Amino acid sequence: MFRTSALRSSHRRQNKPIPKIAFLAGSVALLAVIPVIYILIHALTGDPELWQRIIQTRLIKLFSNTLWLVLAVTTGTSLLGVSMAWLTERTDVPGRKIFRWLLALPLAIPPYIGATIHLALLRPRGGLISLWLEGNNLSFLPLPIPTGFWGAAFVLIIFSYPYVYLLSGAAFRSMNASFDEAARMLGRTPWQTFWQVTIPSIRPGITAGALLVALDMLAEYGTVALLRFETFSSAIFVQLAGRYDRSAASILSGVLILLALIILYGEFHIQGRAQFTQIGSHWRPATLIHLGKQRIWGFLALLFTVLMSFIIPVSLLMFWSTQSILDSQTFSGMQIGSRGLLSFIFNSVWSSGFAALLAVLFSIPIAIYVVRYPGKISRLFSRLSQVGYAIPGVVVALSLVMLVNRFLPFLYATPLVVVMAYVVRYIPQAVRSSESAMRQLSPSLEEASRLLKRNALQTFMQVTLPLILPGLLAGSALVFLSSLKELPATLLLRPAGFETLAVRVWIWSEEGFYFQAAPAALLLVVMSIIPLYFLLQRESIFKQ
Amino acid sequence: MHHKLMPVLAALTLILSACAGSTSQPDPISSNQNGNISGKLIVYSGRSEPLIQPVLAAFQAKYPQVEVLLKSGSNSQMANTLLEEKANPQADVFITTEVFTAHALSREGVFQSYEPVGYQNLPDAYKADDTSWAGLTQRMRVIMYNKDLVSLDELPASMFDLTDPKWKGQIAAAGSTNASMQAQIASMIQLVGQEQTEAWLNGLMENEVTFFGGHSDVRKAVGAGEFKLGLVNHYYYYLQLAEGSNVGIIYPDQAPGEMGIISNATTAAIIQGSRNPDAARAFLDFLVSAEGQKIFAEGNYEYPLLTGVTLHPDLVPTDGLSMANIELAQVVDHFDATFDLIDMANLP
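Going down the list, the sequences are from chains G and E. Heads up: the first sequence runs through residues 1 to 544, numbered per the working numbering. Heads up: the second sequence runs through residues 1 to 348, numbered per the working numbering.
Just to be clear, a hint being listed does not mean it is correct.
Said to hold, decoys possible - Computed footprint of chain E on chain G; a stretch qualifies when at least three of its residues, placed anywhere within it, have a C-beta under 8 Å from a C-beta of chain E:
| # | region |
| --- | --- |
| 1 | 239-248 |
| 2 | 383-394 |
To be verified - The calculated label-pair distances, taken between Cβ atoms and stated as ranges, are:
| # | chain 1 | residue 1 | chain 2 | residue 2 | range |
| --- | --- | --- | --- | --- | --- |
| 3 | E | Ala57 | G | Leu300 | 49 to 55 Å |
| 4 | G | Ile270 | E | Gly244 | 52 to 58 Å |
| 5 | E | Ala57 | G | Ile270 | 52 to 58 Å |
| 6 | E | Asp148 | G | Pro144 | 20 to 26 Å |
| 7 | G | Thr75 | E | Pro256 | 57 to 63 Å |
| 8 | E | Pro256 | G | Ile312 | 55 to 61 Å |
| 9 | G | Phe149 | E | Ala57 | 38 to 44 Å |
| 10 | E | Asp148 | G | Gln56 | 41 to 47 Å |
| 11 | E | Lys147 | G | Phe534 | 52 to 58 Å |
| 12 | E | Lys147 | G | Ser64 | 37 to 43 Å |
Hints listed in this document are in silico derivations from the structure and should not be mistaken for laboratory results. All values derive from a computational prediction rather than experimental measurement. Glycine included, C-beta positions come from ideal geometry on N, C-alpha and C.
Isolated chain E (complex conformation) (with noise of 0.2 Å):
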């Protein structure tokens, strides 16, 4: 009910306050764009800092009155200050590394509707039926390895390859406080069952796999040789491989039966309650912009979801690969299994 009618009454506002000005505006998003936008900007990211610092910075320097503070952490730990801030709201926009945290805090009421210029043109997989959030880049979960290391014919072609002993002790990844390996977790149990999930993650235990903190970590490792193999988000490897290292990049689960890669996307939403919501609208049209999109693309290796914005020339695109079939729904629902799992294979 309440979240119904805010977008009428900020529209009715816009409107108000366009006809008490001179210059008389078509359409209150326009009105964004006129730079008049001030104040401070409150962002809560889940993503690494390095990831979203440009983008930031690129919008700044777009709106100079606007003051942007960041405050970054893993995606479920801000999603659970953003779940107790509720009734006290802190942060004009959140941005996460993939729609399950979206969709579960949209489902709690947590984020207010809008819908950024230009969202008509995102895919339907990667927006909310309530346009509570919109989806920013795509990303895939693969295997980087060192190719001074490891020979093409001995490379792994499927995540449950990680489980072979022969990999003891050769694998890196990010822990379970990573919001990406949360989501491939979470989305194994939707593509495979519980079972096999739990046995995978059994298996990797057993494997002696290391877990960072984040991908960072992983990508330079395996870059340095300290790992044979990593499990990350794609674009880590292409930025290791821009860092000068002799890094691989395997697709997994392509083959006829198995279950195709998984793949995500990064969020963007605005928290219900914010204080700044010209801002935080001003920032969402920002980030869906085709300017926006392209330092994702330039600058992280990933796929825009804006059509039309040109991939990375280094970018495989993603028609010939075999994408896994992910219902958004389901697997929120199996949030909570993810973490049974998780406790029980006590992963770091």
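Only chain G is shown next, with the shape it has when bound in the complex (with noise of 0.2 Å):
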């Protein structure tokens, strides 16, 4: 036993020695965790009085809380997201090439803009609406509350509903016909093909979509903040802004990334089979679904939805944007010291785009070393590296914060610690989008180049490098669009004279300057859509 054990692993490594690269992606999963481990063990070597006092005063509520939230956004996400796909992808609802599109763009509007605007109309007595209809004698009809977990919940999905949207889309789009002819020719309805072997097929698709939005949720700062609506993220920073102890802090941030890595665990197990619905050579595509006389409700549906999540948010951010620009005290106002929206600007791309090209250049190691060497170890780097997305904005910030001040004091309060922030908390992104560009590239490609003399390092730069590229743009867009949006950990960590779009829109709103707010969230808005647009042309469901 002992000697088979013995020969087999001697046998493993003549036939496989260590590989250069997995040094490389060795050192990047490791810089990737650090923040993690190190919050860790902050929060488990915490005083066990301040311990027991959480537990006591706060822990339940923020549980529940935090869990309840999360649990009603992945539900309204999925319904949400999984009905659009399907009226777009599987029905013959009249715009629906339209809508695909549509649909998508609430990906550039951070909940925490969706969650300002949501306010300045439905606030009581004196949001828009609520005005409107005092003005028109209708203060009657009742409102709802806008706070609160309803308002945060509902927020957050008609934000969040792309993720699950996309992914579902593409499922559908995959699909392939026979599985459904084959439910109805067996006698199934419509409606029980649908349940018994279209959602099945789409699940997993579903699902990842669901994991990632619990992930986001678990993060999520801006909106349950602003509706006052009390989880761990939110806590964390009633915590930094309190006693002059981050110890209380740090074992909230301890807490919540546990709750994350569950779900993130989850998530990694999932992802394997959502890529199970490959499209072989018998594939066509599903008939579509004609609605009949029921195609204006699939309209409407989609009307509204779109209108909710992009058309109403966006019209009202021009209206005010106008509006305060045309106010020149107002537009006097955007100065902050000497720095104004110019350089806010300019703050918000350099930073972003620095971390997607670092994001990017880090994940190739990892990618090559996953893809060509596939095997425990490489997996769990990959794994490791992913942590990220665990990680909510303001604990990489107090990691950061403690890390840098304690080990880099040069470094701190420098914009490079908020680009590293954005470099920990997205690297997955492009770890993802560059192990997918490998995984299509045939070995055989570079086998040709070292035959031909070529060394590692030529061969990478003339023949991987070219062909995965498009890849790891995509992954550097997601980067960007994702450092673009990042609220709390910039909040935090952005040493003064630094603000960017972000940071301007989310103290101006949260002061309730709704007007001066507007143009910084419009830019922050119009920005995003550009990598949206790319990243967007790239998923099948657009390509017809």
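Make the complex out of the two chains shown on their own, each in a separate frame, by following the hints.
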């Protein structure tokens, strides 16, 4: 027994020497997990008395608040996302080609901007809708309370459903018509077919999307703070603005990370299976379902969703922006210290761009290692490098403040720390894009290059890189988009004078200065649409 | 030891450089006024941005060579940052919304001593014994109300009336991250004791008070009629009034035997290890000068601490009001108790 296993391991060592790329990949994985480990150690070694006080006073409420919100938003986004995808992919609803695009565009609106607009419209007595009702003697009509659990859940659902919509849309698109037809031939009604065949075959896509939404919700700060529903992320912020002690914040962060790691683990598990809807040679698209007279309802559902999640918010932002630019007093109020709007734009662009570049560079060794040397270690490295998905921005910030100030004081209070936070948090997106780009590249091309006496670096530069470049660009667009919208880490880590559009939108809306916030918010949305457009063009559902 | 030597060294350097220069300036401070100050001035501020930006802009206009970089947040968030940066200081000046944070940080050695021009004309209650910080403007904790919704005869007269169930769901206030609110709780612990303060906080929670992130939101909500009452600093009432809302102000706890109005002051201090002490000093001089004080008084409706600066005509002079007797050093010792109470009451 002992002998065979010893033999086997020596055999393996002979066959597979540790490739150099493994060291690079290992360093990236290590960099990605340091902030998590640091904060976990900090939390676990916290004062037991403090732990006890937190458990007694805050923990149970935070747990239930956070979990209910995650549950409500994942359920809501799944229902909305799947039905929108079904309508646009599987039915003959009018205008579906345009709706396909419009339904994905809310990804350009960070939920905290959505929450600001939601508040400005619905605040009892102060909101635009409330005022309009009052002006028309309709104030007896009840309006929903915009804040609290339902307000937060509503806003987060209508601005997060596109994740599920895109993934399930792709799954609907690649579904083979023969499945549905077989079910119909066996006597199932369309309704039974939908639940027994269609939904199970797109389930991995939905679940993957829903779990990503769940991770996002754990990290969400702006919306819950603005709509006053306390979750872990906002409670950590409150702790940071309380007594002169970071321990309580660290403890809450530790608990939050553990919660997120569980969800991330589930996501890893499902992720491998999400790709089983592959297009074989005998694939043909499923026939469209004719809605007949019901078409109008499908159309209205699409229109309503698009109005709520994109058209109304953007129109309002445009309206307010115009007003605030016309009003010189508001416009001059956009100056912070000696810096103005141009500086905010510049900071947003370069920090997000730099983060995108670094994240993609770091993701390359991981991708090469895990695709070309599949095994337990390479998979472990790949997963470790994706731990950032589970670290909410406020936790990344807390961890980096302590780490950098202690070990890299010369970097402290430079914008580079903000960039570091983006990289740690969003490198998973780059890793996934780079991995999938590598997977599509046949190893025989690289082998041919090596046979032609090119060394590893030359092969990479001359063969691999040009071929995976589109995938890398997609990864960087994704990181750029996410960094542009990032709020909590930027808020905590920015040095004085380093204001981004996201930070400005937040500070102004938190104080209720909606007019001042509008131009920055609109710019943020417009700038996000550019990388988003590039990303969407690559999605199968937008290819005709 | 260290911080006592600093001003001496600084003065020596200034004298030496003045001697080296052709024009001899009689004192180091007036050499600040010649506009030769340049570089970056990093200001950390716990104040709401719109209330501090005008004075920054005026300073900037006076010293165009200086680039003012502002980072604003809540007082304690900034205080935490300053403590963390003690070994690696980044900021030049810290502006707070209340004196307790300044006093606590001064104890930790975060500030360096400096006597701005006019320092001797500030009231003793609002400056540090060791000249490590200076008070700028005074503010009072008041209750504002919407005149369309509340009649004169039902007005609350005391902070403690806010826990009366008849106001359930009708009150807006700033949350526990707001320094003025923290300071009010700390002051109340000194004035009426921990038990009564705790009962008051629990009463607010039971009365379903809505807690916002900042006071601008509170004043706008009361102005719009979303709430009947708002617990604010006095100038938020005036700012809302100036926007045309039908709002009124209550100076609470005026009856004999009641605690009186809780007042506080904004402060400014120079950070120990500031990289641009010249600009920092010029900035503090400007904040305490009649010119700077006037901006706070006219734009923000605050009470200037420098004697001789005229109040905004709409302001009620403090002379006729009964003010609470707050002991600075004592209140700072109540800081931990304050945050314990906030935790226990689950104040958002």
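Apply the coverage criterion to the region 239-248 of chain G and chain E: a residue qualifies when its Cβ sits closer than 8 Å to a Cβ of the chain, and three qualifying residues are needed. Since 6 is at least three, the answer is holds.
Starting from the range 57 to 63 Å, see whether the pair Thr75 (chain G) and Pro256 (chain E) falls in it by beta-carbon distance. holds (59 Å)
Verify the CB-CB distance for Asp148 (chain E) and Pro144 (chain G) against the hinted window 20 to 26 Å. Since the Cβ atoms of Asp148 (chain E) and Pro144 (chain G) sit about 24 Å apart, the hinted range of 20 to 26 Å holds.
Closer than 8 Å, Cβ to Cβ, for at least three residues: run that test on the region 383-394 of chain G against chain E and report holds or violated. n = 0 at 8 Å, threshold three: violated.
Taking the Cβ atom of Asp148 (chain E) and the Cβ atom of Gln56 (chain G), is their distance within the range 41 to 47 Å? holds (43 Å)
Range first: 37 to 43 Å. Now tell me if the beta carbons of Lys147 (chain E) and Ser64 (chain G) are that far apart. holds (41 Å)
Taking the Cβ atom of Lys147 (chain E) and the Cβ atom of Phe534 (chain G), is their distance within the range 52 to 58 Å? holds (55 Å)
Given a hint of 55 to 61 Å, does the C-beta separation of Pro256 (chain E) and Ile312 (chain G) actually sit inside it? Because 56 Å falls inside the window, the suggested range holds.
Can you let me know if the beta-carbon spacing of Ala57 (chain E) and Leu300 (chain G) is within 49 to 55 Å? Given about 51 Å between the Cβ atoms, the range holds.
Regarding Ile270 (chain G) and Gly244 (chain E), is the given constraint of 52 to 58 Å on their beta-carbon distance met? holds (56 Å)
Beta-carbon spacing of Phe149 (chain G) to Ala57 (chain E) - inside the hinted bounds 38 to 44 Å or not: Because 41 Å falls inside the window, the suggested range holds.
Consistency of beta-carbon spacing, Ile270 (chain G) to Ala57 (chain E), with hint 52 to 58 Å: holds (54 Å)
In this structure, only the earlier hint numbered 2 is contradicted, and the remaining ones agree with it.
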